[in-house]
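Q: The chain contents come next:
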Amino acid sequence: MQQKDIKRLTMLLLFAPFALWILLLILLPHIGMVILSLREKVAPRVYEFGFGNYIDFAMEPIYWNTLLRTGSMALLVTALALLIGFPIAYYIAKVAGFRTRGALFLLCLIPLWVSDLIRAFGWILLLRETGVISTFLQWSGAIDGPIEFLYNDATVVVGLVYTVILFMIVPLVSTLDGMDNSMIEAGYNLGGNGFTVLRRIIVPYAMPGIVSGCIVVFMLTAGSYLTPILLGGKNSSWFTEQIYDQFITRFNWESGAAFGFLLLAFTSLVIWLGLKLSGQTLANTVAKS
Amino acid sequence: MRLNPTVAALLAATMLTGAGSAQAETLRLLTWGSYAPEELVQKFEKEYPDIDVEVTFSNNEEMIAKLRATGGAGFDLAQPSHDRIYAAQLEYDIYKPMDLSKIDTSVMEPSLLEGVKANTTIEGEVYSVPHQWGTSGLMANKEMAPDFKGWGDLCDPKYKGKTSMRLKRTILLGTAFAMGEDPFAAYADLDKYQEILDKVADKLIECKGNIKAYWKGGDDLSAMMLSGEIVASETWDSTAYKLFGQNENIVFVPPETGALAWIDTFTLPRKGKADDAAYKWINFVLRPENVTIMSSSTGSMASVKGAKDLLPPEKKVAVSAAFTDADISNLKFFANIPPGVEDMEGKTLEKIKAATGG
Amino acid sequence: MTPNPTFDLECNNIAKSFGKVRAVNDVSFTIPSGSFFSILGPSGCGKTTLMRMIAGFEEPTGGDIKIKGKSVLGTPPNKRNVKMVFQHLALFPMMNVYENIAYGLRCSGHDKDEIKRKVHDVLERIALPDVADREIHQLSGGQKQRIAIARCMVLDPDVLLLDEPLGALDLKLREAMKIELKLLQHQFNTTFIYITHDQSEALVMSDHVAVMNKGDFEQIGTPQELYHRPNTAFVAGFVGDSNRWTGRVKSGDATGGMAETDQGLPIKFTANGQSQISEGETVDIFVRPEFIRTLRGADRQSPVEPHETSIDGVVDSLLFNGANSRVLVRGSTGQLIEADVTLTGSGDLTPGEDVRLAWSSEQATCFARHEAS
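Residue numbers (UniProt numbering), protein chains in the order written: chain A, 1 to 289; chain B, 1 to 358; chain C, 1 to 373.
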């Protein structure tokens with residue numbers, strides 16, 4: 001009996017930090033946000049309970065357009081990151097030798113040692129009208145006058161893909177790494193060509209990694225702030241910027257909280273749809289990669 | 001007002017780690033990037049060995065947000081602009097009144113002192129005194145845009161793709177003045193103000209095609225201006241002065257309708273714990289020799305008598321190149337923002353940003 | 001070679017080097033249609049490389065591979081009618097049994113009904129008609145084994161390669177699968193090439209076995225030939241159990257003679273068919289335990305035949321294993337010798353007992369030591 005009690009106490013103690021973390025740092029702040037988002041400001045220092053902030057969002061096309069825009073751009077970034085990241089991950093996991101693999105992984109990691117801000121400035125230096133690429137193209141005679149590569153949506157997408165691609169590569173490498181090479185060989189042996197093997201064997205096998213990579217990348221992209229702000233052009237509004245403005249510039253915490261929640265709900269919805277479409281479960285993807 | 005908030009935060013972090021342990025009294029300063037130069041902080045700590053100075057760099061909006069989150073705790077001295085005190089105090093109760101007897105107000109420029117006092121008096125209590133002041137206006141490269149003189153010129157097709165602005169309230173106000181309105185007067189009648197804002201929004205949406213990009217901080221503005229990618233822009237005067245030091249063709253242009261002037265203040269957060277140290281700091285930076293150090297860091301003028309003479313020499317040239325006496329008397333000081341205006345302006349800015357054009 | 005090929009697979013002087021390492025060294029062999037052929041060798045002998053060359057995953061650096069009389073050099077693996085059962089089976093975990101088997105048929109463009117018919121056909125033949133809708137992880141080890149074979153056989157291959165597929169099974173199942181594999185091979189009447197390092201698997205199932213060592217084939221033959229008439233010391237040592245001595249020839253002619261082991265034990269031997277053994281040469285002598293008679297009690301004193309070698313010793317220990325029980329005897333020269341004995345349960349040998357071991361010189365196979373090895 002006593003033995004059992006001690007065991008139970010140990011379990012409790014082991015579990016406590018996790019429970020506290022979830023409770024204090026995740027649940028409580030979110031509950032606070034929900035309550036905040038349901039307050040309507042009627043006069044200075046006077047608030048009423050209501051859904052006014054959410055109604056405001058629904059009534060103002062600018063807000064939900066920005067949310068949809070952010071969502072679709074994030075999906076595009078996710079798709080590109082997958083398209084570019086998959087071959088890289090495949091090379092690292094299956095083709096590269098043992099030593100090269102470490103080096104390649106390290107190469108992928110290096111950009112993470114630099115802050116978001118510095119990376120964005122790096123892109124600015126490269127892409128601006130008087131920047132490296134434009135100057136080089138002029139020097140080589142490929143173009144006549146300077147070209148501005150900065151301040152448009154394409155730049156934002158490129159910058160975001162660069163920032164998040166590592167989070168696609170890591171889970172992909174880890175699932176592909178767990179794949180027995182003979183599975184691929186069996187795919188060829190049984191008569192499949194390269195495309196069939198990729199489509200019927202490698203991709204289905206890597207699905208948990210693909211899905212978890214996509215979830216992380218989508219969440220990071222939809223929630224990113226610096227890159228779209230710094231690289232974006234005159235029309236590129238981003239939903240996080242909207243939230244920041246509500247909280248900071250307009251002192252409207254109530255509506256900022258509502259926006260934050262809407263972003264969370266929206267991204268969760270997209271991910272749920274993605275899981276449904278790919279036939280994966282969250283537990284499955286998280287456990288496998 | 002002059003530094004990208006993230007850069008400021010990075011700097012602040014390095015400064016904080018540099019600060020010693022706090023067995024002595026600590027003065028926690030919430031201020032603008034460059035408003036607490038290391039040289040001055042060290043000098044202050046030498047003079048008052050029992051006071052440690054901790055600096056957090058921020059901007060108007062973040063200062064208010066930080067203080068609002070804690071109900072005015074966590075800092076001992078803040079420096080919001082003069083137009084951002086009245087409404088914030090009414091709405092969130094984050095400041096406490098000042099004891100003017102503890103400040104050497106005699107050295108201050110009386111017009112600025114009286115102006116700030118008028119702006120920040122609530123129920124007979126004064127909440128702020130002036131520190132640095134400066135203007136928002138235009139800058140132009142004289143070689144490429146010699147006759148640039150008003151807010152409206154930003155939208156002149158002559159400079160298509162060669163101008164920039166920051167998509168914040170300053171440009172709304174400037175454009176309103178350029179269209180012959182007086183937005184500050186309209187603060188009293190918010191319906192009228194909304195009308196003005198709508199007109200301004202139409203104008204700025206139409207103007208979007210003329211703008212190369214909206215700048216976000218002093219750094220990207222400087223880069224665009226120095227590289228010649230743009231020839232004119234809305235700007236803070238201090239940024240323009242800095243660029244003047246690197247290229248004498250780049251000058252600050254007070255718009256013909258008047259540059260918009262702001263005064264950054266000294267204000268005490270409601271739950272500050274080191275008021276005495278705060279007063280010591282205020283009096284310390286008002287001393288003439290310290291004013292020069294401060295101004296060379298901020299690039300702005302102090303609110304003390306004879307401030308122009310106390311500027312470091314290279315800034316003095318830049319200011320003289322920019323302002324005539326007529327310009328000075330034409331300054332439009334930001335009026336107190338009444339509750340609700342931030343929301344109206346915010347929506348207008350969103351509308352402009354979301355509009356497709358250019 | 002006959003113009004009408006009766007060989008499913010021919011390899012001519014096939015070789016493979018990885019950098020400076022020569023994994024397969026000019027190996028030649030032919031496999032008649034419908035036979036069960038094993039390649040037996042220790043790990044690292046090059047048997048897997050050989051198999052991968054046949055499957056097309058490696059290009060040989062020399063020689064030629066012909067399947068049904070046609071060279072397949074340069075043919076990619078998916079175009080060769082050679083299927084392979086992988087060591088860990090490599091069933092596709094994200095597909096169910098039906099999909100696994102249908103995969104190859106889909107690749108070759110069969111229509112839906114035909115695929116369905118063929119898959120169910122093959123499942124019938126491997127006696128697992130009801131597992132089509134199961135997931136792979138729901139199958140037992142033996143079932144997986146059979147599905148892996150069915151997945152290949154449904155494509156009607158010319159040659160089926162099996163890469164130690166029994167290695168992962170437990171002993172009991174392994175024994176059962178040996179028999180099953182043999183039966184399946186008969187049933188499909190397809191040429192099986194079976195790679196293994198387990199000599200008992202090779203001996204039980206195969207029509208022919210090739211013993212491979214260090215990239216070379218040491219000997220190809222039926223299991224009986226390999227066991228009873230090994231060509232080399234390696235084969236003698238690798239196939240079946242043996243007592244092994246090293247010694248020097250004291251006297252003898254081409255067919256046999258007398259050698260003295262390093263421990264000083266004189267042994268009469270027969271030279272293996274192909275080698276000449278002369279006096280003074282260093283030799284390896286192999287005697288299988290089942291050919292050693294164990295004499296006890298009074299029998300110990302009875303004289304042995306002139307061609308027999310005998311040695312006195314003390315029983316060190318008994319290794320009881322039913323019909324395969326053995327006795328370990330420490331000889332007068334100090335060496336341990338294994339001999340098969342029949343243990344009846346009463347009046348058996350006991351450790352410490354004095355015994356005499358005897359065997360015929362015909363069973364003492366002798367190989368000259370090559371100086372190189």
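Hints are computed from structural coordinates only; laboratory data are not their basis. The C-beta atom is built at its ideal place from N, Cα and C for all residues, glycine as well. One thing to keep in mind: the hints can contain errors.
[Unchecked claim] Listed next, the stretches of chain C that the computed footprint assigns to chain A, with coverage defined by at least 3 CB atoms under 8 Å from CB atoms of chain A:
(1) 93–105
(2) 148–161
[Said to hold, decoys possible] Below, simulated BS3-like cross-link-like pairs (lysine-lysine); rule was C-alpha separation at most 30 Å, straight line:
(3) C:K66 with C:K178
(4) B:K305 with B:K332
(5) A:K41 with B:K46
(6) C:K79 with A:K94
(7) A:K276 with C:K112
(8) B:K347 with A:K41
(9) B:K308 with B:K102
(10) A:K41 with B:K192
(11) B:K142 with B:K203
(12) A:K41 with B:K316
Q: Against each hint, give a clear statement of whether it holds in the structure.
A: Status of each hint after checking the structure:
Counting residues of the stretch 93–105 of chain C whose beta-carbon sits less than 8 Å from any beta-carbon of chain A gives 5, enough to reach three: the coverage restraint holds. Judged by the Cβ-Cβ criterion of 8 Å, the stretch 148–161 of chain C is covered by chain A as claimed, because 3 of its residues qualify and three suffice. For the suggested pair K66 of chain C and K178 of chain C, the alpha carbons sit about 28 Å apart, so the restraint of at most 30 Å is met. The straight-line distance between the Cα atoms of K305 of chain B and K332 of chain B is roughly 20 Å, inside the 30 Å bound, and the hint therefore holds.
Simply put, K41 of chain A and K46 of chain B have alpha-carbon atoms about 48 Å apart, too far for the 30 Å limit, and the pair is violated. Distance hint between K79 of chain C and K94 of chain A is fulfilled; the C-alpha atoms sit about 23 Å from each other, no more than 30 Å. A distance of roughly 27 Å separates the Cα atoms of K276 of chain A and K112 of chain C; the hinted pair therefore holds under the 30 Å criterion. At most 30 Å may separate the alpha-carbon atoms for a hinted pair to count; K347 of chain B and K41 of chain A meet this at roughly 16 Å.
Distance restraint check for K308 of chain B and K102 of chain B: the Cα-Cα separation of roughly 25 Å lies within the 30 Å cut-off, and the hinted pair is therefore satisfied. With a C-alpha separation of about 22 Å, the suggested pair K41 of chain A and K192 of chain B falls inside the 30 Å cut-off, and the hint holds. Of the pairs offered as hints, the one joining K142 of chain B and K203 of chain B holds, with about 25 Å between alpha carbons and a cut-off of 30 Å not exceeded. For the given pair, K41 of chain A sits about 47 Å from K316 of chain B by alpha-carbon distance, which is inconsistent with the 30 Å threshold.
The structure is inconsistent with the numbered hints 5, 12, although it conforms to all the rest.
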